[in-house]
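Chemist: If you read the protein sequences in the order shown, they are chains A and B. Going by our numbering, the first residue of the first sequence is number 1, and it counts up by one from there. Going by our numbering, the first residue of the second sequence is number 1, and it counts up by one from there.
In case anyone wonders, no lab produced these hints; they're calculated from the structure. In this text the structure is predicted, and so the values were computed from the model without any measurement. Just so you know, not all the hints are guaranteed correct.
[What the hints assert, rightly or not] Below, a list of computed lysine to any residue pairs in the SDA-like style, where the Cα atoms sit at most 25 Å apart:
| # | chain 1 | residue 1 | chain 2 | residue 2 |
| --- | --- | --- | --- | --- |
| 1 | A | Lys214 | B | Arg264 |
| 2 | A | Lys214 | B | His150 |
| 3 | A | Lys214 | B | Met258 |
| 4 | B | Lys104 | B | Gly42 |
| 5 | A | Lys214 | B | Ala253 |
| 6 | B | Lys104 | A | Arg17 |
| 7 | A | Lys214 | B | Arg262 |
| 8 | A | Lys125 | B | Arg264 |
| 9 | A | Lys125 | B | His17 |
| 10 | A | Lys214 | B | Glu266 |
| 11 | A | Lys214 | B | Asp242 |
| 12 | A | Lys214 | B | Arg220 |
| 13 | A | Lys125 | B | Gly42 |
| 14 | A | Lys214 | B | Gly42 |
| 15 | A | Lys214 | B | Ala269 |
| 16 | A | Lys214 | B | Ala267 |
| 17 | A | Lys214 | B | Thr238 |
| 18 | A | Lys125 | B | Val272 |
| 19 | A | Lys214 | B | His210 |
| 20 | A | Lys214 | B | Ala291 |
| 21 | A | Lys214 | B | Asp121 |
| 22 | B | Lys104 | B | Asp121 |
| 23 | A | Lys214 | B | Leu252 |
| 24 | A | Lys125 | A | Glu115 |
So the chains spell out like this:
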Amino acid sequence: MTLLSLDGVSRVYATRRGIIGRPVPVRAVDQISLSVAPGRTLGIVGESGCGKSTTGRVALGIERPSEGSVTFQGAAMPTPGTPAWRRMRGRLQLVPQDPLGAMDRRLTIATQVEEPLIIHAIGDKSDRRDRVQALLRDVGLRADLAERHPHELSGGQRQRAVLARALATDPALLVCDEPVSALDVSIQAQVINMLTDLQEARGIAMLFISHDLKVVRQVSHEVAVMYLGRIVEHGDPEAIFADPLHPYSRALVSAIPVPGPRRIERVVLTGDPPNPADRPSGCAFHPRCPVAVAACAVTTPDLRPAADGRLVACHLVPAAGGTA
Amino acid sequence: MTSAPLVSIRDLRVAFHGLPALRGIDLDVAPGEAVGLVGESGCGKSVTWLAALGLLPATATITGSVTLDGTELLGAAPAVLDRVRGGRVAMIFQDPASALNPVKRVGVQVAEALRLHRGLDGGAADAEVLRLFDQVGIPDARRRVHIYPHEMSGGQNQRVMIAMALAGQPELLVADEPTTALDATIQAQILDLLRRLQQETGMALVLISHDLGVVAEMCRRVCVMYAGRIVEQAPSDTLFADPRHPYTRGLLAALPDMVGPRRRLEAIAGGVPEPWNMPPGCAFAPRCASAIAACDAAIPVFHPVAPGHDAACIRLDAMVPE
Numbered sequence: 001m002t003l004l005s006l007d008g009v010s011r012v013y014a015t016r017r018g019i020i021g022r023p024v025p026v027r028a029v030d031q032i033s034l035s036v037a038p039g040r041t042l043g044i045v046g047e048s049g050c051g052k053s054t055t056g057r058v059a060l061g062i063e064r065p066s067e068g069s070v071t072f073q074g075a076a077m078p079t080p081g082t083p084a085w086r087r088m089r090g091r092l093q094l095v096p097q098d099p100l101g102a103m104d105r106r107l108t109i110a111t112q113v114e115e116p117l118i119i120h121a122i123g124d125k126s127d128r129r130d131r132v133q134a135l136l137r138d139v140g141l142r143a144d145l146a147e148r149h150p151h152e153l154s155g156g157q158r159q160r161a162v163l164a165r166a167l168a169t170d171p172a173l174l175v176c177d178e179p180v181s182a183l184d185v186s187i188q189a190q191v192i193n194m195l196t197d198l199q200e201a202r203g204i205a206m207l208f209i210s211h212d213l214k215v216v217r218q219v220s221h222e223v224a225v226m227y228l229g230r231i232v233e234h235g236d237p238e239a240i241f242a243d244p245l246h247p248y249s250r251a252l253v254s255a256i257p258v259p260g261p262r263r264i265e266r267v268v269l270t271g272d273p274p275n276p277a278d279r280p281s282g283c284a285f286h287p288r289c290p291v292a293v294a295a296c297a298v299t300t301p302d303l304r305p306a307a308d309g310r311l312v313a314c315h316l317v318p319a320a321g322g323t324a
Numbered sequence: 001m002t003s004a005p006l007v008s009i010r011d012l013r014v015a016f017h018g019l020p021a022l023r024g025i026d027l028d029v030a031p032g033e034a035v036g037l038v039g040e041s042g043c044g045k046s047v048t049w050l051a052a053l054g055l056l057p058a059t060a061t062i063t064g065s066v067t068l069d070g071t072e073l074l075g076a077a078p079a080v081l082d083r084v085r086g087g088r089v090a091m092i093f094q095d096p097a098s099a100l101n102p103v104k105r106v107g108v109q110v111a112e113a114l115r116l117h118r119g120l121d122g123g124a125a126d127a128e129v130l131r132l133f134d135q136v137g138i139p140d141a142r143r144r145v146h147i148y149p150h151e152m153s154g155g156q157n158q159r160v161m162i163a164m165a166l167a168g169q170p171e172l173l174v175a176d177e178p179t180t181a182l183d184a185t186i187q188a189q190i191l192d193l194l195r196r197l198q199q200e201t202g203m204a205l206v207l208i209s210h211d212l213g214v215v216a217e218m219c220r221r222v223c224v225m226y227a228g229r230i231v232e233q234a235p236s237d238t239l240f241a242d243p244r245h246p247y248t249r250g251l252l253a254a255l256p257d258m259v260g261p262r263r264r265l266e267a268i269a270g271g272v273p274e275p276w277n278m279p280p281g282c283a284f285a286p287r288c289a290s291a292i293a294a295c296d297a298a299i300p301v302f303h304p305v306a307p308g309h310d311a312a313c314i315r316l317d318a319m320v321p322e
C-alpha cells in the first residue's frame, strides 16, 4: 500500500547568469521516483543543493513538478491554490529545521497550535482548547508554556511546539526537513525519540530529509541517497550504511566521523559538488568519482536493482541477474 | 606531560553582566599536541579561547591566568596581543565566508597577514601566498588568488582561512567548529587537511566541536565541557571506550550509531541550566540519574580515574566501567 508516490518527478527552475545573461534551466530534481507507505519513514540524504528539500516541497504539494506526477492517498495531487488542495493541506505537514523562523513571534504557542484547527474548521472553541492542551501534552510541553511566546522557549521546546502545530490536523504524512539539525545532541535525542513514538502511536508516515546519516539511520525504514537532483542509491538503511554500493554513498558514509574504529575505509573525494546549473555529462558524479571509467562521462546510469534488491545508479555495480 | 606546556590556562573565569559563562577552567596545551574541546551550545568551549586571546567585548569580566610560554596574556598590552593573535596563536571559525572580507581579493587578505606577522611585501609575499594556497590544497592557485570570497565554495573559503592562519607560522591553531557549516564530504577534506598540516608544521591544535566523532578522529586528548567547566578529560580512545562522568556517558548514549543494532536513544532529561539559575553544587546534578544529596553541596573537583584521565564527579565509585 502506498500513501504518497512520486513518479518520474523533475523540478526545473530558470536562473540567469548575471543581469543580462540568458535564462539557464536548472534541474533541481531530476527524474525522481519514490513512495512512502503509511506509518513508514523514508529518509532522504545528500549534501547541500542535491535537491532533497525541493523533493520535500514537491511531496507536500507546495511546488508543482515540471515533469512527472505526485499521487497522495490514491489521487493526483491537486493544483496549488484550489479548494481541493487547501483541504488536503491538513493531511500533509512540514516540520522545518528552524522553528523560530516558522513561528509568529508575536503569537503565543497556544494560539499558533490552534490556528490550523481554525483554518480547517475543526471543532468549536472549547473543543479546540482541549485539543491544543492534548497536543502540547503529546509533544511533552508543560501546560504553562502554552501562553508563552516563541522567544521564551528553548530550541528543543520550540521544535516540539512546531511539531504540535503540525500534528493538529492529524496528518497522514510529515515532511521533516532537517528537524533536529539545529539542536544539541542531548536535545536531538529527545526529539528523535518523540518523533518515533508519535509515529508508532498515530501511524504517521514520514519523509525525513537530513544531511546527518546517523540520524537518518536511526529513524528510517528506507533510505534514498541523492546527488545533484537524482537518486543514486535507494533501499534498506542497514544495507546502505553498512555496505554502500554507489561510490558516492560510499564516500558519504565513510566521511562520517565516528568515535572508535571505522568499518569502511575513508574515501576522501576531491573537489566540491558541481553547480546544478552546470551539470556534468553522463553520471553527474563522474568528475569526483574515484572509480569512474570512460562510459561514465557519456551515459547517465539508470537506477536499477542490484543483487540484494536495492536500487543503484552506477555503471560499475552489477545489476541483479545480469552483468554491469 | 613531559614537555613544558605551550599554553597554560588556570582558573579562567568569565562573566557577562555578572552572569557566569566560564566557571573555572584549567587546561594545558603541550607543543604539537592535538586537544579537543567538546560540549553543547553555551558550555563555554569557544569563550575559553576568545577570553584567552583577549577577543571578548569589554562587558566581559575575566579572571584567572592564561600564559603562552610563560608570558601572561590576560590583561596584556595590545602590542603584545597583536603579536600573539594571528602570529603565535591563530584561530579559524565556523563560518569562513563571514570571517573573510567580502570586498577584498582572497590573495590580498592572506598577503596582509604575511605583512603583519612576517614583514613580507611585494614579490616575496606573492610567492608565499601561492605556496600557502598550494599547501592548503586550493587548485589553480595562480588564478584563485585574484578572486573574491563569494566566488568560492564554503570549503574553499575555509581553506583560505587556514592559509591565512598558517601565514603567521603559528605554534597553536585554535579551530572553532571549523567544519560545522560544511557538507560531509567537504568536512572530510578539511579534517584531512588539518591533520596533514599539523604533521607538516608541528603546530599544536585545539579543536572546538560539538561533534564527538570529529574530535575522536582528530585529537589525542579530549576535554568534555558542561556549563562552563571541564567535567572530564582523557585520551580520546579512553574517553569513548570508558567514559566515567555521567554527562559524558549521557552524550555518548544520546548519539545515534552508524553500526550495530538500532536502539532507542537515551536522551538526557531536561536542559542545560541557565547562567542565572546555576545549581549550587555540580551543574549536571539536576539531570543526573546518579545524583545524591551531596552533589548539591559543592562544585566537584577532578578525581583521577587513571593516569591522564580525570572526571569531576563525586560519584565515580558508582560509575564503574560498562
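Chemist: Against each hint, give a clear statement of whether it holds in the structure.
Modeler: Here's how the hints hold up against the structure:
Distance restraint check for Lys214 (chain A) and Arg264 (chain B): the Cα-Cα separation of roughly 13 Å lies within the 25 Å cut-off, and the hinted pair is therefore satisfied. Simply put, Lys214 (chain A) and His150 (chain B) have alpha-carbon atoms about 31 Å apart, too far for the 25 Å limit, and the pair is violated. Between the alpha carbons of Lys214 (chain A) and Met258 (chain B) the distance comes to roughly 6 Å, so the proposed pair stays at or under 25 Å and holds. Distance check on the hinted pair: Lys104 (chain B) and Gly42 (chain B) sit about 33 Å apart at the alpha-carbon level, beyond 25 Å; violated.
At most 25 Å may separate the alpha-carbon atoms for a hinted pair to count; Lys214 (chain A) and Ala253 (chain B) meet this at roughly 13 Å. The hinted pair formed by Lys104 (chain B) and Arg17 (chain A) meets the criterion: a straight-line CA distance of about 22 Å does not exceed 25 Å. Restraint check for Lys214 (chain A) and Arg262 (chain B): satisfied, since their Cα atoms lie roughly 10 Å apart, inside the 25 Å limit. Of the pairs offered as hints, the one joining Lys125 (chain A) and Arg264 (chain B) is violated, with about 38 Å between alpha carbons and a cut-off of 25 Å exceeded.
Distance check on the hinted pair: Lys125 (chain A) and His17 (chain B) sit about 45 Å apart at the alpha-carbon level, beyond 25 Å; violated. Restraint check: the Cα-Cα separation between Lys214 (chain A) and Glu266 (chain B) comes to about 15 Å, which is no more than 25 Å; the hinted pair holds. For the suggested pair Lys214 (chain A) and Asp242 (chain B), the alpha carbons sit about 22 Å apart, so the restraint of at most 25 Å is met. Only pairs whose Cα atoms come within 25 Å are accepted, and Lys214 (chain A) paired with Arg220 (chain B) is accepted, the gap being roughly 24 Å.
Proximity of Lys125 (chain A) to Gly42 (chain B) is assessed by CA-CA distance (about 41 Å); at most 25 Å being required, the pair is judged violated. A distance of roughly 24 Å separates the Cα atoms of Lys214 (chain A) and Gly42 (chain B); the hinted pair therefore holds under the 25 Å criterion. Distance restraint check for Lys214 (chain A) and Ala269 (chain B): the Cα-Cα separation of roughly 21 Å lies within the 25 Å cut-off, and the hinted pair is therefore satisfied. Annotation: proposed proximity of Lys214 (chain A) to Ala267 (chain B) holds, straight-line Cα distance about 15 Å (limit 25 Å).
In summary, the hint linking Lys214 (chain A) to Thr238 (chain B) is supported, as the alpha carbons are separated by about 22 Å, within the 25 Å threshold. Of the pairs offered as hints, the one joining Lys125 (chain A) and Val272 (chain B) is violated, with about 37 Å between alpha carbons and a cut-off of 25 Å exceeded. Taken as a hint, the Lys214 (chain A) and His210 (chain B) pair is honoured in the structure, with Cα atoms around 15 Å apart against an allowance of 25 Å. For the given pair, Lys214 (chain A) sits about 30 Å from Ala291 (chain B) by alpha-carbon distance, which is inconsistent with the 25 Å threshold.
At roughly 48 Å between alpha-carbon atoms, Lys214 (chain A) and Asp121 (chain B) are farther apart than 25 Å, so this suggested pair is violated. At most 25 Å may separate the alpha-carbon atoms for a hinted pair to count; Lys104 (chain B) and Asp121 (chain B) meet this at roughly 17 Å. Taking the CA atoms of Lys214 (chain A) and Leu252 (chain B), the gap is near 13 Å; set against the 25 Å cutoff, the hint holds. Between Lys125 (chain A) and Glu115 (chain A), the direct Cα distance comes to roughly 12 Å. Compliance with the 25 Å bound is thereby established for this hinted pair.
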